[in-house]
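**Student:** Following the hints, complete the assembly by docking chain B onto the known chain A.
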Amino acid sequence: MSGLLGFTRRHPGTVWGFAAVLFVAFGAPLIFPGLMKVGNIPDGVFASIHQFFLDLRFTFADRGWPMGAWHTLVLVSKLAVVFLVVLLVGAYSTWTERKVLAYMQDRLGPTRVGRFGLLQPLADGIKLLQKECIVPLGADRNFHYWAPVLVFVPALLGTVIVPFGRLQDGTLMMVSDLNVGLLYFLSLGAFGVLGIFMASWGSNNKYSAYGGFRAVAQLVSYEIPIAFCVMSVVILAGSLKVSTVIESQWMVYSTGANTPAVSVLGLPFALWFIVPQLLGFVVFFIAGVAETNRTPFDLPEAESELVSGFHTEFTGLRFAFFFLAEYVNIFIFATLTTVLYLGGPLGPRIWFLGETLSSITWFAVKLFAVFFTVVWLRGSLPRLRVDQLMSLCWKRLLPLSMLNFFGTAVLVLLVRWYWSPAANSAMGPIVGGEHASGWIGFISLLLLVAGGVVAWVAVERASRRRKREASG
Amino acid sequence: MGYEEVLSTETGILLERESEDRFWLNMGPQHPSTHGVFRVLLETEGEMVVKVIPIIGYLHRAVEKLSENRQYLGALPLTDRMDYLAAMFNNMALTRSVETIMGTEVPVRAQWLRVLALELNRLASHLLFYGTMGLDLGALTPFFHAFRERERVQYVLEMMSGQRITFNYIRYGGVRGDLTTGMETEIRKFMETFRPSLKEYRTLLLENEIFASRMKGVGVAPLERLLAYGVTGPIARASGHDWDLRRDDPHDAYPEFRFEVPVAHESDCFARWWVRLREMEESAAIVEQCLDGLPAGEHVKRMPFFFKPPKGEAYTAIETPRGELGTYVISDGTVFPYRVRYRAPSFCNLMAITELLQGKLIGDVVAILGSFDPVFGEVDR
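Those protein sequences? They're chains A and B, same order as listed. Position 469 of the first sequence, counted from 1, bears residue number 520 in this note's numbering, the numbering being contiguous throughout. Position 312 of the second sequence, counted from 1, bears residue number 313 in this note's numbering, the numbering being contiguous throughout.
Keep in mind that a hint or two might mislead.
[What the hints assert, rightly or not] Pulled a few chain A residues facing chain B out of the computed Cβ check, cut under 8 Å:
1. Asp157
2. Arg158
3. Lys257
4. Pro347
5. Glu354
6. Ser355
7. Glu356
8. Val358
9. Gly430
10. Ser431
11. Pro433
12. Leu435
13. Arg436
14. Val437
15. Asp438
16. Gln439
By construction, these hints were calculated from the structure, which means they are not laboratory data. Idealized CB from N, CA, C, for every residue including glycine.
In isolation and in its complexed conformation, chain A is listed as follows (with noise of 0.2 Å):
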């Protein structure tokens, strides 16, 4: 284990130097927003913006001015700050990136731009920007200077269901909760594979081509469980909204102003999807590891062989684009695996000390916990081969994911019409309160994790068994 986490007995200061990168990346905010007692964002400065916006609503209507310059002037100020944040964040994912990854290899990384390198990424971003944007001879002029740019607008757009936090009337802090929240962002993955393949078409070279085709084949080909996991979530959260399957996994606790108590399964406390999606969570988890081009799937742009993939012809802004977009489709990764699993942006709160940090911390902390993990797996595998990508897909995650989608299916509709008759008429997520046919929602429940641990020693012995023979 500690050799898989790379960290070295010899050298203790490895492990406090982590902890110190921990506690500066997200130490600080993990101690002093939970001083106040919330899970929710108190009533402070976002409360007094929202405020400040809805009260902007009667002020518009007041005046006689149109609902629709409202609307936009709304959407355009939650843009401008989203957009903000997250490419603040893509930018310090980098440096994150680049730490975590050093300490496990016993270095330093940045150390030299600003106090423990906090500036390296600004550095950067001047360097890349005073850089030449080279065009190379033969390219398609326009391909090499619209791809960028079709990279880089995905995975901005995706911003756009990312729940930073809550407010205690319960409202998302979104620039919008649209009703096909999920669907947009599976949409929207296979939006960004054009822009690759541009790239490595248009720069006239093999190696860039090579790259293209690897990811075309991989990004379409892992869509596919993607997709199967997100509708298993959907089945049990009755909605493709983003709100709505935050709520659905906090019956007991969400039950702030305007939050309706609903359950899974009618569940009588409240469970985050990782429990009874656990064997979607990890295709789920792998497959978007390969979404977003990451070790051990980062064949795309494998250095060793492809020198950099799609993006071998790129230089300075053009560049920095892909890089950007890369990092913010980890954000946003990480963040639909929060959504889907981890709960969300809420945390949990202990009955005796009340609400334990609030939502923007905890969606920081759940936000990191998965990108740390993406890093570790950087830190410690090497990389698939294309075969080996293609039937791990196609010959593993797939049915998996399939399997786990029929089985949630067969589950929430056996819940639904033989233990929970109440909420047999409604479309909507199933109402709890029946604490009888919760419990056996829940025995159901149990039977699913067995199933999937039980399947997960089963691989794990296989494995093991397939080692000791290879080793002995």
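**Tutor:** Below, chain B alone, put in the same frame as chain A:
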């Protein structure tokens, strides 16, 4: 299909004209994973490699020819530049050959110091292999972990020889400088930390599912083919060829040491990797024995600056981290060698690669090339 052939003006090689489903991929000489300046033209069908044309010679410096125009001592530093990852062995190769012609009696302490230097250098070389093998497969961490230890070996070797890469340490009649207590302490300190590190290396890659799937069963090289190409060293041992010149044709103090020669029979990339990992353990054992039993005495038998070996010739070979490095020296009784010829293991090993790469995926090409661990300073000389 009948592909039309076109002459590549740049390489002078007949290439088949590219078509929709087949094209040529030029890998190297500047490519992240060709380990120097190897160039290979791959005719690819999708990701599949159907034809391989290796091109070498980008690092040719005429070491052999230059040696003829220098005195014997002057020819030694040239050898440092051949296998720049294992310069001690190159020194040793020429030294052994010349000493054989001259019939020099080397002091016992010098012989032990030679073994110490050689085995430390073998560690450095194999550590680099361990790191780059991981890097070739896309794993970053092994590289840094290996370089952490390699840096300490380099530090020790620098103390011993005064150089980091081109050591020029092993000389005719002994070694350049004696081992001081400070150096000995440093080596002991290094050995204390090296054993746990070796365990760490194992944990990081040996039990890694993806690493195993990338390496096992990939690039299986049958022993007959390897021997036909003259492949030696860890690559041949990974195909079941139990042959190590340290044991089978020992020089200097090697007969005094107890060590195993790791042999694997799987013949794949993983076996080649595993053999080198085991060799590191055995080298560490030799270094420990060396430190414990280092005899007192002279570290060099003084020789004149310009000496004239008697007329004669000798071919000797030693076991380098890459295989059998043979040196053929002809002396005509003057201060200049009449002819020096090296049988470079990397060159012979590389010849077997062409056959192995055919029909593989691009990812495998990198893995196989990495598992052969060629050094192009030595291939081209």
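**Student:** Would you mind marking each hint as holding or not holding in the structure?
**Tutor:** Each hint, compared with the structure:
For A:Asp157, the interface hint holds, since its Cβ comes within 8 Å of a Cβ in chain B; the closest pair sits about 5 Å apart. Checking A:Arg158 against chain B: minimum C-beta separation of about 6 Å stays under 8 Å; hint holds. With its C-beta approaching chain B no nearer than about 5 Å, A:Lys257 sits inside the 8 Å limit, and its interface hint holds. Annotation: interface hint on A:Pro347 holds; nearest CB of chain B at approximately 6 Å, less than 8 Å.
At a threshold of 8 Å, the smallest CB-CB gap from A:Glu354 to chain B is about 5 Å, leaving the interface hint in force. Taken as an interface hint, A:Ser355 checks out: its beta carbon lies about 4 Å from the nearest beta carbon of chain B, inside 8 Å. Residue-level restraint check for A:Glu356 holds (minimum Cβ-Cβ distance to chain B is 5 Å; threshold 8 Å). Taking 8 Å as the C-beta contact cut-off toward chain B, the hint placing A:Val358 at the interface holds, the least distance being around 6 Å.
The interface hint given for A:Gly430 is met, as the beta carbon of that residue sits about 5 Å from the closest beta carbon of chain B, less than 8 Å. Given hint, A:Ser431 at the interface with chain B, holds; its Cβ is 6 Å from that chain's nearest Cβ, closer than 8 Å. Interface restraint check: A:Pro433 against chain B, minimum CB-CB distance 4 Å, threshold 8 Å, status holds. Interface restraint check for A:Leu435: the shortest CB-CB distance to chain B comes to about 6 Å, inside 8 Å, so the restraint holds.
About 4 Å separates the beta-carbon of A:Arg436 from the nearest beta-carbon of chain B, less than 8 Å, and the hint is met. Restraint check, A:Val437 versus chain B: the minimum CB separation of about 5 Å is within 8 Å; hint holds. Annotation: interface hint on A:Asp438 holds; nearest CB of chain B at approximately 7 Å, less than 8 Å. The closest approach between the C-beta of A:Gln439 and any C-beta of chain B is roughly 6 Å, which is under the 8 Å cut-off, so the hint is satisfied.
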